[in-house]
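> For the record, the sequence lines run as chains A, B and C.
The first sequence: position 238 = 238 (the working numbering), numbered continuously.
Position in the second sequence (first residue = 1) + 1000 = the working numbering.
Position in the third sequence (first residue = 1) + 2000 = the working numbering.
These aren't lab readings, by the way, just hints derived from the structure by calculation.
No residue lacks a Cβ here, since even glycine has one placed at the ideal position from N, Cα and C.
Errors might be hidden in some of the hints.
[Unchecked claim] From the structure, some residues in chain C lie toward chain B, with a derived Cβ separation under 8 Å:
no. : residue
1   : 2051
2   : 2056
3   : 2097
4   : 2207
5   : 2208
6   : 2227
7   : 2231
[What the hints assert, rightly or not] Quick list of in silico lysine to aspartate or glutamate cross-link-like pairs, DMTMM-like style, CA-CA up to 20 Å:
no. : chain 1 : residue 1 : chain 2 : residue 2
8   : A       : 172       : A       : 265
9   : B       : 1167      : A       : 280
10  : A       : 10        : B       : 1266
11  : A       : 94        : C       : 2194
12  : A       : 94        : C       : 2196
13  : B       : 1109      : B       : 1075
[Unchecked claim] Listed below are several chain A residues computed to face chain B (Cβ distance under 8 Å; list not exhaustive):
no. : residue
14  : 23
15  : 24
16  : 36
17  : 249
18  : 297
19  : 299
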Amino acid sequence: MSETRFKALKDLPAQHLLLPGTPMCPGCGGLEVVKQVYDVLGENTVFVNAAGCLTLLATYPFTPFRGSWIYTAMASAPAGAQGIRDALDILIAKGRLPPAQNLDVVVLSGDGAAYGMGLGPTSAAIDRGLDFYYLCYDNEGYGNTGQQTSAATPAGARTATDHGPVGFAGEKKDLFSIWVAHHPPYVATITSADPVDLARKVETARGHAGPKLFIALAQCPTGWHYDPKDTVQMGRLAVATGIWPLKAYAGGRVTHTRRPKPKGERPPVEEYLRAQGRFDHLFSPTRNEEALARIQARVDAYWDAAE
Amino acid sequence: MFRVRFHGRGGQGVKTASRVLGTALFHAGFEVQDAPRYGAERRGAPIFAYVRADRQPIFERGVIVRPDLVVVVDDTLLTLPAAAVLQGIAPHTLLLVHSAQPAEALRAKLKAPGQLVTIAPREVAATGLQPQGAMMTVGAAARLLGVVPRQALESAAGEELAALPAKLRQRSLALTLDGFDGVEAPGGPVRELPAEPAEDYDRPRWIALPFEDARIASPTIYGAGTSMLSKTGLWRVQRPVIDRERCRRCVWVCGTYCPDNAIAADAGGYPVIDYDHCKGCMICLVNCPSHAIAAVVESQAREAAAAGDAP
Amino acid sequence: MTRTLLTGNAAAAWGARLAEADYVPAFPITPQTEIIELLAEWMQRGAMAGRIVMLESEHSMLTAAGAAAATGVRVFTATSSQGLLYAMEMLYTVAGWRVPLVLVNVSRGLAAPITLEPDHNDVLAVRDSGFLQFHCATCQEALDGVLLAYRLAEDARVRLPVMVNMDGFYLSFTREPVRLPEPEQVRRFLPPFDPETLYFRAGAPRSQGVAVLGGAQYSYFRYEAHLASLGALRVFEEAAAEFARLFGRSYAPLETFHTADAEFAFVMLGAFATKAKQAVLRLREAGWRIGLVRPRLLRPFPAQALVEALGGLRGIAVIDQNLSTGMGGVLCSEIGAALLRAGARPVVAGYVGGLGGRDIPVEEFFEMARETKAAAEAGRCPPTRLLYTEEELRQTRALQAIAMAE
Chain A
1 MSETRFKALK DLPAQHLLLP GTPMCPGCGG LEVVKQVYDV LGENTVFVNA
51 AGCLTLLATY PFTPFRGSWI YTAMASAPAG AQGIRDALDI LIAKGRLPPA
101 QNLDVVVLSG DGAAYGMGLG PTSAAIDRGL DFYYLCYDNE GYGNTGQQTS
151 AATPAGARTA TDHGPVGFAG EKKDLFSIWV AHHPPYVATI TSADPVDLAR
201 KVETARGHAG PKLFIALAQC PTGWHYDPKD TVQMGRLAVA TGIWPLKAYA
251 GGRVTHTRRP KPKGERPPVE EYLRAQGRFD HLFSPTRNEE ALARIQARVD
301 AYWDAAE
Chain B
1001 MFRVRFHGRG GQGVKTASRV LGTALFHAGF EVQDAPRYGA ERRGAPIFAY
1051 VRADRQPIFE RGVIVRPDLV VVVDDTLLTL PAAAVLQGIA PHTLLLVHSA
1101 QPAEALRAKL KAPGQLVTIA PREVAATGLQ PQGAMMTVGA AARLLGVVPR
1151 QALESAAGEE LAALPAKLRQ RSLALTLDGF DGVEAPGGPV RELPAEPAED
1201 YDRPRWIALP FEDARIASPT IYGAGTSMLS KTGLWRVQRP VIDRERCRRC
1251 VWVCGTYCPD NAIAADAGGY PVIDYDHCKG CMICLVNCPS HAIAAVVESQ
1301 AREAAAAGDA P
Chain C
2001 MTRTLLTGNA AAAWGARLAE ADYVPAFPIT PQTEIIELLA EWMQRGAMAG
2051 RIVMLESEHS MLTAAGAAAA TGVRVFTATS SQGLLYAMEM LYTVAGWRVP
2101 LVLVNVSRGL AAPITLEPDH NDVLAVRDSG FLQFHCATCQ EALDGVLLAY
2151 RLAEDARVRL PVMVNMDGFY LSFTREPVRL PEPEQVRRFL PPFDPETLYF
2201 RAGAPRSQGV AVLGGAQYSY FRYEAHLASL GALRVFEEAA AEFARLFGRS
2251 YAPLETFHTA DAEFAFVMLG AFATKAKQAV LRLREAGWRI GLVRPRLLRP
2301 FPAQALVEAL GGLRGIAVID QNLSTGMGGV LCSEIGAALL RAGARPVVAG
2351 YVGGLGGRDI PVEEFFEMAR ETKAAAEAGR CPPTRLLYTE EELRQTRALQ
2401 AIAMAE
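Between the sequences and the hints, there should be enough to build the whole structure, so can you do that?
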């Protein structure tokens, strides 16, 4: 990464823009990531929200934002961003809005919308070259309704709709690659457990016009069944074990911004899995060696290809 | 008709407890209605559930506004106006509180007009949410109704807890029965309120809603940061307390990781926790490099604060 | 003011152009597509200073439309049939945002079975969304209706989106003489959009479309939209009076045709009502005292005007170009309810006709008049009748035979 004002935690904005008093669960990883991203984007933003946990960030008459927000619907937040971006451009072009009062438009979407119902509208917004940010807080299930399986649910996770002995039998969709296939100017994965990497990526994205998309791991104590105090540890484990690669796509290339240790030296993925109740059934009453090996193999294969 | 309202926090098993009671009453031959009430609030936030039981079909629906029995699973809710535990209580209402405090003292403190019964927590303290309290309390509630046979409660709890791991299920079942066996109501069992008379009632004060233009009659907030008025600190069951002696003033650590933006530096560079909003997740405690943050049980912290020796 | 031949689609597009709409989020669907094609052409060659953007669905199109209106620009959009229903969620949503915008719906029957031909089930399916509804019977009304719709939508006492409805094919693709108003005169009628409190901009934090918790708040916001809609009747009358002064064309919420001395009346929405006019004239030649009542505004519902026009009649024939499955015609039950609540009791004969573009020939109007008169004499409302002939069933049977549906 090139020039950055963010080299260590100390360099991050000391004043946080997202105000407290939200109805999010204690220890919400999604809230933590929005707060960190907002600090770098600044308050001259309008968030366009898709249905998800964070729908309730603003609940009449309470809003935690210093800037603006609109709630749209589950599928079409990118189209809402289109309408606002176009309207702001029209107002500026027609001299009805001073350019200094321009805003950045930011879609806020859970994985349910981003990976599923909202994928078409997101694809279309990228096609149109819409100048916007897209932040998916990925808690790997329909969290707001009680953690049912979504297209972002990882292999083996138990959800409210996958109770079986193997949990969710499918695989997590590779949304990053789907987005990259559209060749937008910037795509990145982030985690609030690595705020410096996150801030640098948001800072880098600011230098690009057009669609700038982020998938954030949104650790969810309520849906993943771990103690809220461990939210940051969950994120660190996800990165250290290699199951949540931190990477960025720009200029036609994917770069890994953090690399876990090489195979054999990095912690096995089961350290991450064992820490969460949603994977309990893989360990007790008996260890599901086959499932654990398969999950590990997939992580290893990913990094083999990346290394 | 019996009208029972349960109060607790999200994650404390209030819904399960209300269902155990509903099923037990059903087994005892009653017509039953039970439901949890969800809001936007999450784990730790005050929530409630309710159960109705009658010997004839129940036509009433929705929130219970005039309860005969109010079951309080978490006594820290008693002093939270937002929890509305005491809403609609009348002299006939029995308050059942899961609390180590003596019943008479509590009753005086709350100025409760009717009977108040406590059931002492089995294991003190601890941190975090304790779903076990709900089970003891529901056992006691079943007893206080005076119409639920022990056997009906036992089979109801068995059904409702069937999905739990065996060990936890057995423990919860035992606690439920302990609650049933261990409670006494000196003033007698729960009394049912007679039905509202159709001739003599509080007339609704209806108005013709005045037209207001869209500037105010749209769901729009014309300002920033009004969430500050929402005191999410009330959800907290434990409180992070910073030891200034050990704090190295690296507020960029706790301040960055706090999801709720409830930590900011004071003039001297020390992190200060905004207890009006801190939900008590303890992320700051876990990530503090100098281990300068401790967890204090919220109710104790409040009492200490009330006694003047704030931490 | 030039008079020229225009299709209904072109007339609606001219409405948007003369209204100087800033923004047109669009998506193609038959029979509406010509509207957005024309607007795109005008904008691309600089004849219209707006921006058109192709969205990927009507659901997204309405989201973009509402969001742009919430940011403070004048928005126009158009759709039809399946598209309107695909956007259903957002129709309620943007109306709930209380943003003004104008949507032209070109009516077309709904699938299944799929068809391209018109009826009003699409527009009536969204009648409770909060959009006001203006129903056109001529191409001129399609143009004028768009201008009136902006006045209505943007009035501070209303601030709700407005739908202008025209029938597919019978108006959308049909050319009629249309008077094109002069742009300066239109500006006098419709000044530039003043978004008042509707904007997103730096330094003015604003949260729109916020969730509520609890029935009291929800009821307040929904009912205020209802009150604004009801109040729009008066605002419409004011706007229509000014329109008549400037352009010489009068638009009451209710069109009445030969009702002053009438004993009977047809009641219809949309373009087929002009067929009823033809029938009225012929029946009058034969000595009937009969007229036509056609609501232009369906939301707000002009209940009082309807009761005044119909309450004293002996019988009315309500011809619904829609079908509420399991109930009958929508207009018939709404009018019946209005009459009942006013204590007026003409005999109401309900007809369902013109579904999926099925024609209503003049003889059928004569027959409906005859049946309605007989019902009035018997003092009994007849059951709803589908306008359908032996010959039509025979033709359908022939097709069923080929489909081996025997």
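> It remains to establish, for every hint, whether it holds in the given structure.
Here is how each hint holds up against the structure:
no.	hint	in the structure
1	2051	violated, 25 Å
2	2056	violated, 27 Å
3	2097	holds, 6 Å
4	2207	holds, 4 Å
5	2208	holds, 5 Å
6	2227	holds, 4 Å
7	2231	holds, 6 Å
8	A:172 - A:265	violated, 25 Å
9	B:1167 - A:280	holds, 15 Å
10	A:10 - B:1266	holds, 16 Å
11	A:94 - C:2194	holds, 14 Å
12	A:94 - C:2196	holds, 17 Å
13	B:1109 - B:1075	holds, 12 Å
14	23	holds, 4 Å
15	24	holds, 6 Å
16	36	holds, 7 Å
17	249	violated, 26 Å
18	297	violated, 29 Å
19	299	violated, 25 Å
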